[in-house]
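Going down the list, the protein sequences come from chains A and B. When we follow this note's numbering, the leftmost residue of the first sequence carries the number 1, and every step to the right adds one. When we follow this note's numbering, the leftmost residue of the second sequence carries the number 1, and every step to the right adds one.
No lab work stands behind these hints: they were computed from the structure. Don't take each hint at face value.
Stated by the list, open to error - Partial list, computed: chain A residues near chain B (C-beta under 8 Å): (1) I29; (2) S123; (3) V127; (4) E131; (5) D139; (6) V167; (7) A171; (8) A174.
Treat the numbers as computed from the prediction; the structure is a model and nothing was measured. Where is the CB? At the ideal position from N, CA and C, for every residue including glycine.
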Amino acid sequence: MKMRRKSWAILSVAVVATLLLSGCWLFGITMMLSYDIEDEIVSTNTSFNSVAIDLTEEEDWKDNKDKLDEIYNLLFYGTIENFMGTPATGQLYLYEDGSLTTVSEVQTNATLVLDGLVLPASSVTYVPLTEMKLEPVRDLIMEGKFHLYAIAANVPFSIEVRDATVVVIFAVEAIL
Amino acid sequence: MRKVICLIIAALFVAGSSSGAIAQAGKFSVGAFGGFSIPLAQDDAKGGALFGAKGRILLLPYLGVEPYFAMAQIKGKDAEAREETFTLGDGDITSFGADLVLGSISGLGKTKFYGLVGINSNSYKRERVPDESGLGFAFGGGVEFFATEMMSLEFRAKYHPIKIGEGGRVHLDLSGGVNYYFGPE
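Take these sequences, add in the hints, and give me the full structure.
Here it is in structure tokens:
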């Protein structure tokens with residue numbers, strides 16, 4: 001009986017030590033945030049705008065800003081219209097601000113997160129919720145503020161992105 | 001990390017077989033289990049089936065070590081964008097590790113209760129995203145009914161936190177299984 005009590009004590013100490021050593025992630029939770037982009041991106045090979053995405057204004061993000069551990073997924077949803085009479089290949093880029101003004105600046109400085117969007121000539125393409133490349137922009141997403149650019153791989157192009165939503169799935173520390 | 005877990009499991013096996021455990025407690029078992037793995041507080045995943053196999057070496061009449069392998073399905077939850085609903089990708093978690101089991105796992109009586117604590121290595125896979133792997137822990141308990149001297153039915157609940165990247169995912173694994181014991185009665 002004495003031996004059994006001793007073993008229970010050892011096990012209890014091991015459990016507590018494990019909990020302490022492993023830190024808060026033992027109790028992590030995963031949250032999903034849908035950010036609707038109100039503005040359109042109107043983009044041609046000579047001029048375009050970007051849209052600002054500010055997750056820091058969202059309640060879920062704001063409430064957990066100091067406990068943010070990890071970004072798991074980054075997804076895009078939206079509608080893209082190709083105004084040209086030739087097909088285009090749409091590309092989405094992320095950058096820290098809206099300072100980029102030429103296609104080559106975007107291609108050089110921003111990070112390509114979604115490529116190969118097939119945009120038939122003179123038509124509207126609906127893009128279902130699609131996974132974007134997360135790894136190269138993980139730190140940028142963690143900051144919570146970034147800009148989305150849309151261009152086409154082939155020149156000339158004239159496209160418009162509207163009714164877009166970015167979905168972010170992230171992990172925060174929490175005690176269940 | 002996988003090598004570390006392998007070494008720990010190997011060390012536990014060696015300890016189990018060299019400490020006179022088999023001579024003292026005299027039994028080891030092999031078994032299979034199935035059940036349900038429930039993601040806790042995860043907006044992007046819901047529960048799926050859980051399957052696995054394990055062994056148990058009795059180090060002492062009330063202390064055993066259980067190396068195991070398990071696979072749990074992950075079902076994608078729905079995500080909403082502009083009032084449209086999309087189902088996120090499914091996936092699975094492959095785990096192998098070892099649990100220390102402590103309780104009335106040997107001796108008289110047909111019903112045994114026990115607690116467990118363990119360490120495991122996990123491979124986390126979801127459709128359309130890169131695979132991840134991470135260290136996990138296990139805490140839980142169970143009950144084992146001996147239908148015969150050598151065969152038992154077992155039910156257990158296991159709290160299973162896994163480190164994925166810098167974050168963590170927590171699962172509650174509920175399972176039932178059958179064990180067959182070898183060694184002297």
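These are the hints, each one checked on the structure:
{"no.": "1", "hint": "I29", "in the structure": "holds, 4 Å"}
{"no.": "2", "hint": "S123", "in the structure": "violated, 20 Å"}
{"no.": "3", "hint": "V127", "in the structure": "violated, 10 Å"}
{"no.": "4", "hint": "E131", "in the structure": "holds, 5 Å"}
{"no.": "5", "hint": "D139", "in the structure": "violated, 11 Å"}
{"no.": "6", "hint": "V167", "in the structure": "holds, 6 Å"}
{"no.": "7", "hint": "A171", "in the structure": "holds, 3 Å"}
{"no.": "8", "hint": "A174", "in the structure": "holds, 7 Å"}
Violated hints, listed in ascending order, are 2, 3, 5; each of the other numbered hints is respected by the structure.
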